[in-house]
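**Q** Letter by letter, the chains look like this.
There are 2 protein chains.
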Amino acid sequence: MAKIRVLIVGGTGHTGSSVVDGLLETGNFAVVALIRPASIEKPAVRALQEQGVEIREGDLEESEEDLVKALAEIDIVISCVSASQQQCQIPLANAAKKAGVKRFVPCGFITVAPPAGVMLLRDQKEVVYNHIKRLWLPYTFIDVGWWYQLAFPRLPSGRIDYAVLNATNEVIGGGNVLSAITDLRNIGRYVAKIIADERTLNRMVFAYDTLMTQNQIYDLLEELSKEKIDRNYVPDEALYARGAVVRQSIQENPNDRRQLNLLYLVEYQLSWGVRGDNNPEYAKYLGYLLSKELYPDFEPTSFRDYLESVINGTAKHPYAS
Amino acid sequence: MAKIRVLIVGGTGHTGSSVVDGLLETGNFAVVALIRPASIEKPAVRALQEQGVEIREGDLEESEEDLVKALAEIDIVISCVSASQQQCQIPLANAAKKAGVKRFVPCGFITVAPPAGVMLLRDQKEVVYNHIKRLWLPYTFIDVGWWYQLAFPRLPSGRIDYAVLNATNEVIGGGNVLSAITDLRNIGRYVAKIIADERTLNRMVFAYDTLMTQNQIYDLLEELSKEKIDRNYVPDEALYARGAVVRQSIQENPNDRRQLNLLYLVEYQLSWGVRGDNNPEYAKYLGYLLSKELYPDFEPTSFRDYLESVINGTAKHPYAS
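Protein chains in written order, with this note's numbering: chain F, 24 to 344; chain U, 24 to 344.
Hint data in this document are derived by calculation from the structure and do not stem from the laboratory.
Just so you know, not all the hints are guaranteed correct.
Since the list gives no way to pick out one identical chain from another, each pair is judged satisfied if it fits inside one copy or across any two copies.
Claimed, not checked - Distance condition first, Cα-Cα at most 20 Å in a straight line; then the derived PhoX-like pairs of lysine-lysine:
(1) Lys307 - Lys92
(2) Lys216 - Lys92
(3) Lys125 - Lys307
(4) Lys120 - Lys307
(5) Lys315 - Lys92
(6) Lys315 - Lys65
(7) Lys92 - Lys121
(8) Lys120 - Lys315
(9) Lys26 - Lys125
(10) Lys249 - Lys65
(11) Lys125 - Lys92
Bear in mind the structure is a predicted one, so any value in this text is a computation, not a measurement.
Whenever a hint applies, use it, and build me the whole structure from the sequences.
**A** Here's what the structure looks like:
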């Protein structure tokens, strides 16, 4: 059987790398990466090539016509662009429609949240989703919960600092809201299953490994590390107030990426930590199919095993190159 | 078995009346109508009462607390409010959540269209839909296509003018786009099935009787009436231009209901007549369940029979009281 030809945008990023790995692992896909001409010589791009990825030059900001050419003979497009590039997917979707792409996976890959009014990042994705729907372009929207790699705090000893992203040790609200978490390395494995599955065509899919509260995560890390971890509880109201301050600042400087990233973080925390959006029941209500129901045989990474790898020094900082 | 208690908002309107009739016809529902205090004495309200509908005083613009009281012991809310009242459904949804309503059917009841950027009326409904989703309020969104009662032109003889809504005899584009049409009187029959069906919970449903092009409709009416009908073809570009003019006028006077209604009409025509949105294939793509698949035994009214009733003088003008 001929391999399914998948073009990936953002293939050197965190989610993108996971997707490339997951697709190649199966042997069922010919993977093509769209790379900006200016980035062709970068080590990360050469690494993709060494993995067996075909590199195609292209830029989301070039003409739609050139994008159509870049999509020649591509069956599936997967976009893993950065938060700031969401709207650049609109010409890409137009080109995919013209090129006859059979499935377009725009950049979802976030936590479960309602389509509007809770997370600006989700709202920005919804603009793209709605554009896709206007085009009648076959799609799958995939969300993945919060990463294992972002979900744990630092230890007082500092011995896991090499792998810690957020060292504030903030526990949202009472820390007792269940939230779905996924090993970043599994995202691509889920994607490989989802995009080869007719049941997921023109549907949203929520893929996640497990459900935990922040307190359960802290308890588990304390148990494994034998260290006592300070929990910096942030009351709901304080988080809402933080959001209001950041929003005000963005109103004054709409292109301040630092403030936008802060807003994304606060809104993530409000969504999974206060509202309790990031769970499979709400996902089903919102129309998602669930990975656990689609692929009951998939073995998620155990979060305990993952934390053990963090403690024994073999984990990786998600933003390390 | 106890009857399902349904509260209807806008029960004296066209869609609302059809819904009341359809629910009462089954004998399975206790129907309650929310009526503004100022309208309690109106003949249409007395007529509802005579049909066996319980009248409950209430106003979408009163306090949420009062609305919660008005929703006491209600299982299902169905909203058939006018185009101008879409946003008034937001406090109603809040109240429904607090009152523990088991299913909320906001005012859909239009043609199939994508959620954003094609029809302002659809966009305004999407704001309400998204609010409902933020609340995690159980819902069903129901659309019904274009009404039989609006789908046919006038005859040169004038003998069906009593039933004609739009006498412009405009045929959009080439008049060859298939579009779904539904007998207004069947809307309630579909709704009665849909709201008692667990499969439709938290889903969109598209209920329609048949698919026809405008030319097929004109041909059929010519055949039945033995009259030759002028077809006033409106090219796509002319319709887009008309939309631009109306939009400009609305920008200057955002509350001009007349211009807004004109815009709604132009955008309907562009959606079903030019884009070809209003059909079951696109509906499925957008995530709708289809009445024909859910209820294969439902007998739609034949459009030929309906047109015969128009010609023999027994049809009703949809806006006649």
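**Q** Hints first: check each against the structure and report whether it holds.
**A** Going through the hints against the structure:
1. With identical chains, the CA atoms of lysine 307 and lysine 92 are never at most 20 Å apart, being 37 Å at best within one copy and 30 Å at best between copies.
2. Proximity of lysine 216 to lysine 92 under the C-alpha cut-off of 20 Å is found in neither arrangement, the shortest distances being 27 Å within a copy and 49 Å between copies.
3. When the C-alpha separation of lysine 125 and lysine 307 is checked against a cutoff of 20 Å, the pair qualifies only between copies, where the shortest distance is 16 Å, while the shortest distance within a copy is 25 Å.
4. Taking the closest pair of Cα atoms, lysine 120 and lysine 307 come within 20 Å of each other only across two copies (18 Å); inside a single copy the shortest separation is 28 Å, beyond that limit.
5. With identical chains, the CA atoms of lysine 315 and lysine 92 are never at most 20 Å apart, being 37 Å at best within one copy and 40 Å at best between copies.
6. Taking the closest pair of Cα atoms, lysine 315 and lysine 65 never come within 20 Å of each other, the shortest separation being 37 Å inside a single copy and 55 Å across copies.
7. In this homomeric assembly, lysine 92 and lysine 121 come within 20 Å of each other (Cα to Cα) only inside a single copy, at 10 Å, whereas the closest approach across copies is 53 Å.
8. In the homo-oligomer, the alpha carbons of lysine 120 and lysine 315 never lie at most 20 Å apart, since the shortest distance is 31 Å inside one protomer and 29 Å across protomers.
9. Proximity of lysine 26 and lysine 125 under a CA criterion of 20 Å is satisfied intra-copy only: 14 Å inside one chain copy versus 47 Å between copies.
10. Taking CA atoms no more than 20 Å apart as the test, lysine 249 paired with lysine 65 passes in neither setting, with 42 Å inside one copy and 75 Å between copies.
11. When the C-alpha separation of lysine 125 and lysine 92 is checked against a cutoff of 20 Å, the pair qualifies only within one copy, where the shortest distance is 16 Å, while the shortest distance between copies is 51 Å.
Checked against the numbered hints given earlier, the structure breaks hints 1, 2, 5, 6, 8 and 10 and satisfies all the rest.
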